[in-house]
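Here's the letter readout for the chains.
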Amino acid sequence: MAVRTPTDPSRRRLLLRALIGIAAGGLGGCAATLSTGAAPDRPGQWLGALVGDGAGMTRFGRAYLAQFPAEGDLDLLWAALHGVLARQGAEPSGTIDPERAFGHLDRVVRDEYRRGVVVDVDGWLLSRSEARLYAAATLL
Amino acid sequence: MFSDARRIPDGSRITADLAIVGGGPAGITLARAFAGGGTRVCLVEAGGQEPEPAVQGLYEGENAGIPYPLAGSRLRFFGGSSNHWGGYCRPLDPIDFERRDWVPHSGWPFGIEELQPYYGPASEIVEIAPGRFDDKAYWERATGQAAPDPVTGRMQLRYIHFSPPTHFGARYRDELKRAPNIRVLLHANVVDIASTAQGNRVTGLRIRTLTGLSHEVRARVYVLATGGLENARILLLSNTSVPAGLGNQHDLVGRFFMEHPHLPAFGEIVVGDLARLPHIYSRRVEADGRSGSAVFNPTERFLRERRLLNATLMMGEAGLYHSHTASDWHKAPLHMDMLRAARPFLTGRRGPADPAQPGLLGRWLGLGCACEQVPNPDSRVTLSSERDALGLRRIRLDWRLTEQDRRSLVEHMRSLAMEFGALGIGRMRIDVQDDGQWPAEVTGGSHHMGTTRMHDDPRRGVVDRDCRVHGVDNLYVAGSSVFPTSGAANPTLTLVALTLRLADHLKPRLRT
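Residue numbers (my numbering), protein chains in the order written: chain A, 171 to 310; chain B, 61 to 572.
Rather than coming from a laboratory, the hints here were simulated on the basis of the structure. Worth double-checking, as some hints may not be accurate.
Listed next, with one range per pair, are the computed distances between beta-carbon atoms [claimed, not checked]:
#  : chain 1 : residue 1 : chain 2 : residue 2 : range
1  : A       : Leu-246   : B       : Pro-129   : 49 to 59 Å
2  : A       : Asp-243   : B       : Asp-348   : 57 to 67 Å
3  : A       : Leu-246   : B       : Asp-438   : 48 to 58 Å
4  : A       : Gly-273   : B       : Pro-190   : 26 to 36 Å
5  : A       : Gly-273   : B       : Ala-124   : 57 to 67 Å
6  : B       : Asp-564   : A       : Gly-273   : 32 to 42 Å
7  : A       : Pro-239   : B       : Pro-190   : 50 to 60 Å
8  : B       : Arg-520   : A       : Gly-273   : 56 to 66 Å
9  : A       : Gly-273   : B       : Gly-204   : 21 to 31 Å
10 : B       : Asp-495   : A       : Val-287   : 17 to 27 Å
11 : B       : His-390   : A       : Val-287   : 27 to 37 Å
12 : A       : Asp-243   : B       : Gly-204   : 48 to 58 Å
The C-beta atom is built at its ideal place from N, Cα and C for all residues, glycine as well.
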């Protein structure tokens, strides 16, 4: 499935916020409709509603970025996560179905553990994409 | 018949066909194998029927390497170290018997198929029979829970059994008492295994009591079964004919001491949804009057590919976390944050894992590991210059671990973390650094192995494949001191199986 990468940086940030929120918040929450140029109202609250307790992510996100400072950029993190999701057949643009999006991300993460695509973050062995998700949550 | 060496006339000479030194699991198993038959057996035990400080004090010694509880890790009274045994039972793995080019000094003189017939009877002796060490279907039926198959290719699921535990002294005392051909001599310390001038045949056991009496036991065949530390010590002390110690013509007695290194905190696993964690992974399960638990063990393919030592990893439920949990333990915040962060991956839901307990974040599991130690000739038992109450040189232990031991442990921890992540069960924090260094807190499992290792070549082993001491016609060794490699399974079940095999070997020789 061909995936168009959004060229608008603000749109990339919005999509990344949605992804983090959906993935970290799990199922439920609201389906976010994103269109070019549109910005969600009060993104902090929107993200918080889906992410849940952000303190947990922040600790590991910071630890990851301390280890990989070159990845301390939302665009880079988004590109990486977008890539793995695209390979799963996810369409990270347009209307986001939270349940489906989380399912894709969960499969990505489990597959990375299975294949050994992992990183040591403060003693925790995490899937690379999972760690990047936490890092992105820290930058938002 | 039980007698006390302190209460028989000084200078007594006891004659038997088979003299067994040591009344622990190996000695008692060997004696039982001859019970009721025509072979006269004398089982010589240094202690009494209960622990005594003065007797236990004979186990004190000197540590030259990693600090080790020489007197705390073994017991010197009838039943031996089974009196504080934890009861963990699992056979060795087939690869443990193989010559592996990445494991120096590895390889047994025979494969597991030689020992397999004895694991069943050994399981009876330690009261776990029948062993279901690989029977996933059985344990799933017994628990009513499916156990997910490992998916990384690194790990496989195995099962350990828990003996009650069998305290061999208490369990088999009456049986030995009733056997007319068996005499158990208590409070009898073997101070020397006397031999011919050439050291090629044992002529008797010199015995001394703490009360100052001296006796002798003479037999046709002798078996040393005093444990992985004391077997080596007694051979080294028996140096009247052979200055280096009996059976020590190639300086191997005492070398290759192996343990299963433990660390107080290997790491922890946090689990968000207990429904994803089969009970048998983290606790003992009772089934058909027996108890067992699941363990993880690296696959043979993975061990060969990565050239690693073997290991057995297990876990146990340690604590619960709620959103309001307050703890001054430094790891609690780490665990709780991970449970919060990874919750959707671990529970598949945004809300609490258990709606009946909305504040529940999850659980944490402690980890345990029996890690194979590479056979290392510099990890060894020698004699100290200090002397005990009998005037004998005390034991001196120089326990050493290597970078290879460490590297394998870390890799297996990582494998377990990957497996739990791939299955969506948990997240693991590893507290062992891959820096080749062993921390000061490393301990053992009271598993004493390798100090009279088995090899057909007398230049590479103390005993041959029949556990006979090279160069000594009528002296054998029983117990885990003959293990050439440690494997990753607790040694008791295997040493009992080996002892039964030894009994089968000795019976034709002792037939009257």
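Structure-based check of all given hints:
Checked against the hint of 49 to 59 Å, the pair Leu-246/A and Pro-129/B passes, with Cβ atoms roughly 53 Å apart. Look at Asp-243/A against Asp-348/B: about 59 Å separates their beta carbons, and that is inside 57 to 67 Å. Hint check: Leu-246/A to Asp-438/B, Cβ distance near 50 Å, so the stated range 48 to 58 Å holds. Evaluation of the 26 to 36 Å hint for Gly-273/A and Pro-190/B yields a failure: the beta carbon distance comes to about 43 Å.
Between Gly-273/A and Ala-124/B the beta carbons are some 58 Å apart, a value that agrees with the proposed interval 57 to 67 Å. Taking 32 to 42 Å as the suggested C-beta distance range, the pair Asp-564/B and Gly-273/A does not conform, at roughly 59 Å. Between Pro-239/A and Pro-190/B the C-beta distance comes to about 57 Å, which sits within the given range of 50 to 60 Å. Against the hinted window of 56 to 66 Å, the Cβ-Cβ separation of Arg-520/B and Gly-273/A comes to about 58 Å, which satisfies the hint.
Gly-273/A and Gly-204/B have their C-beta atoms about 28 Å apart, which keeps the hinted 21 to 31 Å range intact. At about 23 Å, the beta-carbon gap between Asp-495/B and Val-287/A stays in the expected band of 17 to 27 Å. For the pair His-390/B and Val-287/A, the beta carbons lie near 30 Å from each other, so the given range of 27 to 37 Å is met. Evaluation of the 48 to 58 Å hint for Asp-243/A and Gly-204/B yields a pass: the beta carbon distance comes to about 50 Å.
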